[in-house]
Amino acid sequence: MDKKEKELLIGASVGALAGVIAGLLFAPKSGKETQEDLKKYMHEMKNKIAKELDKAGKVTKETYEKVVDKIVKVYEVEKKITPADAKDILAKLKNNFAEVKKALK
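Be aware that the sequence shown starts at 125, since it is given in the working numbering, and climbs by one per residue.
None of these hints come from the bench; they were simulated from the model. Honestly, I wouldn't trust all of these hints.
Here are the in silico distance ranges between beta carbons for each label pair [unchecked claim]: (1) Gly181 with Glu157: 30 to 40 Å; (2) Thr184 with Glu160: 31 to 41 Å; (3) Lys211 with Glu186: 30 to 40 Å.
Subject to a maximum C-alpha distance of 16 Å in a straight line, what follows is the list of computed EDC-like cross-link-like pairs (lysine to aspartate or glutamate) [unchecked claim]: (4) Lys170 with Glu223; (5) Lys225 with Glu200; (6) Lys197 with Glu223; (7) Lys185 with Glu223; (8) Lys175 with Asp193; (9) Lys172 with Asp193; (10) Lys172 with Glu200; (11) Lys204 with Glu189; (12) Lys203 with Asp161; (13) Lys216 with Glu202; (14) Lys175 with Glu189; (15) Lys218 with Glu189; (16) Lys211 with Glu200; (17) Lys225 with Glu186; (18) Lys194 with Glu223; (19) Lys204 with Glu168; (20) Lys204 with Glu157; (21) Lys164 with Glu200; (22) Lys225 with Asp178; (23) Lys190 with Glu176; (24) Lys172 with Glu189; (25) Lys194 with Glu168; (26) Lys194 with Asp178; (27) Lys211 with Asp193; (28) Lys197 with Glu168; (29) Lys197 with Asp178; (30) Lys216 with Asp193; (31) Lys203 with Asp178; (32) Lys204 with Glu160; (33) Lys163 with Asp212.
In this text the structure is predicted, and so the values were computed from the model without any measurement. For every residue, glycine included, the Cβ atom is placed at its ideal position computed from N, Cα and C.
When you get a sec, could you build the whole thing from the sequences and use the hints?
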């Protein structure tokens with residue numbers, strides 16, 4: 125994967141994850157602290173997803189979904205996000221694969 129492809133992949137991943145987290149931040153949640161935590165985790169997750177996808181080389185839907193599953197599961201197991209948030213994040217990220225793929229072209 126060349127530098128331009130990597131940059132596009134990172135940008136697409138960041139955009140997809142930012143959209144998911146923005147949706148969560150504006151959802152009716154209790155507490156400003158929860159929203160701040162989610163914002164912090166957004167930055168962490170986007171970087172981890174981008175690194176994993178970079179390591180993978182060619183990005184297929186299957187590869188993308190495995191990476192997303194892995195990263196989100198870590199945050200759920202570590203109790204950084206709730207199971208409900210994890211489910212929501214997974215669904216939204218997986219639905220954004222077309223945008224990620226489009227950005228890679």
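Hints and how they fare:
For the hinted restraint 30 to 40 Å between Gly181 and Glu157, the CB-CB distance of approximately 39 Å keeps it satisfied. At roughly 35 Å, the beta carbons of Thr184 and Glu160 sit within the given window of 31 to 41 Å. At roughly 20 Å, the beta-carbon separation of Lys211 and Glu186 lies outside the given 30 to 40 Å, and the hint is violated. About 15 Å separates the Cα atoms of Lys170 and Glu223, which keeps this hinted pair within 16 Å; it holds.
With a CA separation close to 26 Å, the supplied pair Lys225 and Glu200 exceeds the 16 Å bound. Simply put, Lys197 and Glu223 have alpha-carbon atoms about 22 Å apart, too far for the 16 Å limit, and the pair is violated. With a C-alpha separation of about 11 Å, the suggested pairing of Lys185 with Glu223 holds against the 16 Å cut-off. Distance restraint check for Lys175 and Asp193: the Cα-Cα separation of roughly 14 Å lies within the 16 Å cut-off, and the hinted pair is therefore satisfied.
Distance hint between Lys172 and Asp193 is fulfilled; the C-alpha atoms sit about 12 Å from each other, no more than 16 Å. Among the hinted pairs, Lys172 with Glu200 is consistent with the structure: their alpha-carbon atoms are about 15 Å apart, no more than 16 Å. Under the criterion of a C-alpha separation no larger than 16 Å, the hint pairing Lys204 with Glu189 is inconsistent with the structure, at around 20 Å. Annotation: proposed proximity of Lys203 to Asp161 holds, straight-line Cα distance about 12 Å (limit 16 Å).
The suggested pairing of Lys216 with Glu202 is violated, with an alpha-carbon distance near 21 Å, which exceeds 16 Å. Between the alpha carbons of Lys175 and Glu189 the distance comes to roughly 14 Å, so the proposed pair stays at or under 16 Å and holds. Proposed proximity of Lys218 and Glu189 is supported: the alpha carbons are some 6 Å apart, at most 16 Å. Annotation: proposed proximity of Lys211 to Glu200 holds, straight-line Cα distance about 9 Å (limit 16 Å).
A C-alpha spacing of about 12 Å is found between Lys225 and Glu186, which places the hinted pair at or below 16 Å, so the restraint holds. At roughly 20 Å between alpha-carbon atoms, Lys194 and Glu223 are farther apart than 16 Å, so this suggested pair is violated. Between Lys204 and Glu168 the CA atoms are separated by roughly 11 Å; this keeps the pair inside 16 Å, and the hint holds. A hinted pair counts as satisfied when its Cα atoms are at most 16 Å apart, and Lys204 with Glu157 qualifies at roughly 12 Å.
Taking the CA atoms of Lys164 and Glu200, the gap is about 14 Å. The hint holds against a cut of 16 Å. For the hint linking Lys225 to Asp178, the alpha-carbon distance of about 14 Å falls within 16 Å, and the restraint holds. With a C-alpha separation of about 10 Å, the suggested pair Lys190 and Glu176 falls inside the 16 Å cut-off, and the hint holds. As the CA atoms of Lys172 and Glu189 are separated by approximately 14 Å, the hinted pair is consistent with the 16 Å bound.
At roughly 13 Å between alpha-carbon atoms, Lys194 and Glu168 fall within 16 Å of each other, so this suggested pair holds. Using a Cα cut-off of 16 Å, the hinted pair Lys194 and Asp178 holds, with the two alpha carbons roughly 15 Å apart. Between Lys211 and Asp193 the CA atoms are separated by roughly 10 Å; this keeps the pair inside 16 Å, and the hint holds. Of the supplied pair hints, the one linking Lys197 and Glu168 holds, its CA atoms being roughly 13 Å apart against a limit of 16 Å.
Taking the CA atoms of Lys197 and Asp178, the gap is about 19 Å. The hint is violated against a cut of 16 Å. Only pairs whose Cα atoms come within 16 Å are accepted, and Lys216 paired with Asp193 is accepted, the gap being roughly 12 Å. For the hint linking Lys203 to Asp178, the alpha-carbon distance of about 26 Å lies beyond 16 Å, and the restraint is violated. Annotation: proposed proximity of Lys204 to Glu160 holds, straight-line Cα distance about 12 Å (limit 16 Å).
Simply put, Lys163 and Asp212 have alpha-carbon atoms about 15 Å apart, close enough for the 16 Å limit, and the pair holds.
Going down the numbered hints, you'll see the structure goes against 3, 5, 6, 11, 13, 18, 29, 31, while the others check out.
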